[in-house]
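Asker: Residue numbers (numbering that gives the first Met the number 0), protein chains in the order written: chain W, 0 to 326; chain G, 0 to 338.
I should point out that these hints are in silico values taken from the structure, not numbers from a laboratory.
We treat Cβ as the ideally placed atom computed from N, Cα and C, and that holds for glycine.
There may be inaccurate statements among the hints.
Footprint (simulated), chain W over chain G, 3 or more residues, beta carbon under 8 angstroms [claimed, not checked]:
{"hint": "1", "stretch": "88-96"}
{"hint": "2", "stretch": "134-140"}
{"hint": "3", "stretch": "234-241"}
{"hint": "4", "stretch": "255-268"}
{"hint": "5", "stretch": "286-292"}
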Amino acid sequence: MWFITRRLTFYVVAAWVAITVNFAIPRVMPGNAVNTMLAKFPQLQPSSLRALEAQFGTHAHGSLLSQYFTYLGNVLHGDLGVSVNQYPSKVTTVLAQTLPWTLILVGTATIISFVLGTLLGILAAWRRGGVLDRIMPGFTFLQATPYFFLALVVIQVFAVSWGLFPFGQGYSLGLSPGWNWSFISSAAYHSVLPAFTIVITSMAGWMLQMRNVMITTIAEDYVLVAQAKGLPTRRVMMTYAARNAILPNLAGFALSLGFVVAGALVMEIVFSYPGVGLTLYNAVTSDDFPMLQGIFLVISLSVLLACLIADIVYFFADPRTRTRGAD
Amino acid sequence: MSALAAPAEPLPGGAEQAAAAVVARRGAMLRRLPGKARVGAVILGLFILVAIIGPWIAPYDPSATIPSQALPTAPSASHLLGTTATGQDVLSQLLVGTRSTVVLGLLTGLIATLLSVVIGTSAGFLGGLSDEGLSLLANVFLILPALPLLVVILGYLPNTGELPTAIVLSALGWPWGARVIRAQTLSLRGRDFVAAARESGESNWRIIFFEILPNEIGLIAASFVGTVLYAILTSVALAFLGVSDLSTWSYGTMLYWAQSSNAVQLGAWWWYGPPGVFAALLGMSLVLLNFGLDELGNPRLRTAGPRKISRRSWRPADPTPVIRDDVVTMGDHRKDVPA
Numbered sequence: 000m001w002f003i004t005r006r007l008t009f010y011v012v013a014a015w016v017a018i019t020v021n022f023a024i025p026r027v028m029p030g031n032a033v034n035t036m037l038a039k040f041p042q043l044q045p046s047s048l049r050a051l052e053a054q055f056g057t058h059a060h061g062s063l064l065s066q067y068f069t070y071l072g073n074v075l076h077g078d079l080g081v082s083v084n085q086y087p088s089k090v091t092t093v094l095a096q097t098l099p100w101t102l103i104l105v106g107t108a109t110i111i112s113f114v115l116g117t118l119l120g121i122l123a124a125w126r127r128g129g130v131l132d133r134i135m136p137g138f139t140f141l142q143a144t145p146y147f148f149l150a151l152v153v154i155q156v157f158a159v160s161w162g163l164f165p166f167g168q169g170y171s172l173g174l175s176p177g178w179n180w181s182f183i184s185s186a187a188y189h190s191v192l193p194a195f196t197i198v199i200t201s202m203a204g205w206m207l208q209m210r211n212v213m214i215t216t217i218a219e220d221y222v223l224v225a226q227a228k229g230l231p232t233r234r235v236m237m238t239y240a241a242r243n244a245i246l247p248n249l250a251g252f253a254l255s256l257g258f259v260v261a262g263a264l265v266m267e268i269v270f271s272y273p274g275v276g277l278t279l280y281n282a283v284t285s286d287d288f289p290m291l292q293g294i295f296l297v298i299s300l301s302v303l304l305a306c307l308i309a310d311i312v313y314f315f316a317d318p319r320t321r322t323r324g325a326d
Numbered sequence: 000m001s002a003l004a005a006p007a008e009p010l011p012g013g014a015e016q017a018a019a020a021v022v023a024r025r026g027a028m029l030r031r032l033p034g035k036a037r038v039g040a041v042i043l044g045l046f047i048l049v050a051i052i053g054p055w056i057a058p059y060d061p062s063a064t065i066p067s068q069a070l071p072t073a074p075s076a077s078h079l080l081g082t083t084a085t086g087q088d089v090l091s092q093l094l095v096g097t098r099s100t101v102v103l104g105l106l107t108g109l110i111a112t113l114l115s116v117v118i119g120t121s122a123g124f125l126g127g128l129s130d131e132g133l134s135l136l137a138n139v140f141l142i143l144p145a146l147p148l149l150v151v152i153l154g155y156l157p158n159t160g161e162l163p164t165a166i167v168l169s170a171l172g173w174p175w176g177a178r179v180i181r182a183q184t185l186s187l188r189g190r191d192f193v194a195a196a197r198e199s200g201e202s203n204w205r206i207i208f209f210e211i212l213p214n215e216i217g218l219i220a221a222s223f224v225g226t227v228l229y230a231i232l233t234s235v236a237l238a239f240l241g242v243s244d245l246s247t248w249s250y251g252t253m254l255y256w257a258q259s260s261n262a263v264q265l266g267a268w269w270w271y272g273p274p275g276v277f278a279a280l281l282g283m284s285l286v287l288l289n290f291g292l293d294e295l296g297n298p299r300l301r302t303a304g305p306r307k308i309s310r311r312s313w314r315p316a317d318p319t320p321v322i323r324d325d326v327v328t329m330g331d332h333r334k335d336v337p338a
């Protein structure tokens with residue numbers, strides 16, 4: 000089918016571009032992993048230096064093309080190299096430690112924000128001109144605020160002035176990560192403020208989009224018919240109008256899940272949260288190229304995966320996409 | 000314009016008249032702008048004014064320090080917004096910093112919109128293989144995670160002044176607009192007036208510039224405003240992360256220095272507050288402007304209060320009321336309709 004072939008081509012090309020950009024970054028940028036290691040450990044022997052060069056893939060022997068194919072092969076085998084900063088940990092090990100933090104916190108916050116924003120959008124459109132609809136421009140103020148500024152204010156009010164919540168780190172010092180109640184409750188307690196800031200800054204976008212599509216849907220004849228039949232208001236609102244209006248939001252949601260890993264960057268720096276964003280930032284500031292490449296690859300591929308899921312969901316949720324391939 | 004204007008108008012001698020009509024129509028459009036958009040336009044205008052005159056009306060040199068000082072001082076008569084920990088005047092930093100923030104936003108908006116218009120219209124109008132290729136390019140750029148990529152690229156650029164930053168931001172910011180413009184071009188391409196222009200022997204470029212683009216002005220304006228917002232928020236975030244020229248003043252660098260000098264922990268709200276609030280106001284003016292542009296294009300989105308019709312409050316979401324309309328006031332007709 001033309002539609003599916005085209006989408007699959009897109010994913011293959013996009014994945015290839017992401018991997019190639021990843022390959023190119025350390026080769027285009029000034030600075031080099033081995034020099035960074037040298038600066039850290041000046042007493043390195045020439046023989047171990049060569050071993051490092053081989054490991055980090057810098058000054059590798061052979062042409063750029065053969066390096067490229069070696070890199071492609073390594074990526075396909077899940078070998079992302081060794082971190083400079085946390086030598087000799089493998090990049091995949093570091094990622095396995097930090098990725099869950101980001102996924103759980105930002106993922107949960109994104110879901111809450113999506114559900115809340117969509118529901119408020121439905122209500123704003125249904126009770127058009129009502130209180131919710133009129134105060135909506137106020138929500139956009141939160142959306143237009145630089146995220147970290149809002150986070151600083153929230154920290155100042157809730158953590159510094161009132162002392163209600165802790166800030167910084169993912170859990171209390173002195174606890175070690177594990178599946179026990181004291182650790183999990185501490186981690187949950189520490190994640191309240193970051194999650195709150197993510198929800199209030201991103202909710203307005205969902206709300207606005209849902210309201211605008213919903214308003215167009217409400218004017219459709221089938222909604223009128225449903226109301227004329229005397230169906231309960233909630234049924235008309237949710238099953239007739241909202242169910243059709245939610246498609247663009249649903250597509251946006253799947254996409255935004257892909258950006259969860261990327262969007263966490265600023266949040267994790269402000270809250271010193273031990274996730275992927277902070278690791279990426281540390282990798283940039285310390286020239287940790289293998290780490291940088293690894294995180295970048297994970298981010299790009301997760302966005303791609305989310306797009307693919309969005310496509311599949313859309314394909315089943317909206318029958319029109321199935322016929323559109325024909326024209 | 001020929002497709003939009005009345006058929007009687009485009010006479011060779013009537014060019015001046017047509018131009019006057021365009022100006023008049025534009026004036027009318029400003030007055031017709033929905034309230035939200037008017038508020039947005041006024042706030043944005045104020046920011047542009049400050050960007051132009053800010054450095055001249057700043058009471059102090061924003062970088063001048065007071066050597067003996069070690070703590071930020073609260074607002075006073077001599078320093079209306081207080082000072083930083085080293086005695087720099089916050090108000091002066093704000094007035095000077097507005098310029099680079101606004102310039103960077105507008106510059107990025109201009110470059111990115113230009114890119115998205117060129118790519119969007121070519122892809123939509125030419126169709127076929129070029130459409131496939133350009134759409135693929137846009138989609139690939141769309142999925143590249145912008146902020147991490149920007150941190151990586153700008154972190155290693157030797158010069159992170161306004162122009163290099165604007166170019167990198169545009170390079171990652173054009174696909175959003177390009178997709179929308181492509182979709183609109185695709186739909187316009189099939190309209191009768193484009194077919195008529197093609198039949199009369201107009202070249203592809205003439206059709207794109209004079210038939211299709213004028214019909215996409217609203218869309219292009221909205222995409223421009225959206226890109227400016229993206230550029231301002233992203234550049235402020237980048238400066239906050241320290242990935243920017245920290246020797247110049249902008250909202251982002253002000254926040255960077257405030258954060259790195261522990262302004263929040265010191266409780267110096269006059270230091271980190273103003274740049275954040277100003278950036279938020281600037282952002283909100285753009286959001287409001289885009290609201291208005293949306294409503295101009297789609298009148299259904301306008302917020303309308305419930306209307307009172309025949310003692311009953313009627314909302315647009317309710318079924319069309321089968322009751323007397325306020326417009327229909329003809330005598331006997333009234334009795335036939337159940338109230």
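Asker: Hint by hint, say whether it matches the structure.
Answerer: Going down the list of hints, with the structure as the test:
As drawn, the stretch 88-96 of chain G meets chain W at 0 residues by the rule of a beta-carbon pair under 8 angstroms; below three, the given contact is violated. Here's how the stretch 134-140 of chain G fares: 3 of its residues keep a CB closer than 8 angstroms to some CB of chain W, so the rule of at least three is met and the hint holds. Coverage of a stretch by a chain is defined here by at least three residues with a beta carbon nearer than 8 angstroms to that chain's beta carbons; for the stretch 234-241 of chain G and chain W the count is 4, and the condition holds. Residues of the stretch 255-268 of chain G with a Cβ under 8 angstroms from some Cβ of chain W number 5, which satisfies the need for three, so the listed coverage holds.
Coverage of the stretch 286-292 of chain G by chain W holds. Counting CB-CB distances below 8 angstroms, 3 residues qualify, and the rule asks for three or more.
In summary, the structure is inconsistent with hint 1 from the numbered list given earlier, while agreeing with all the others.
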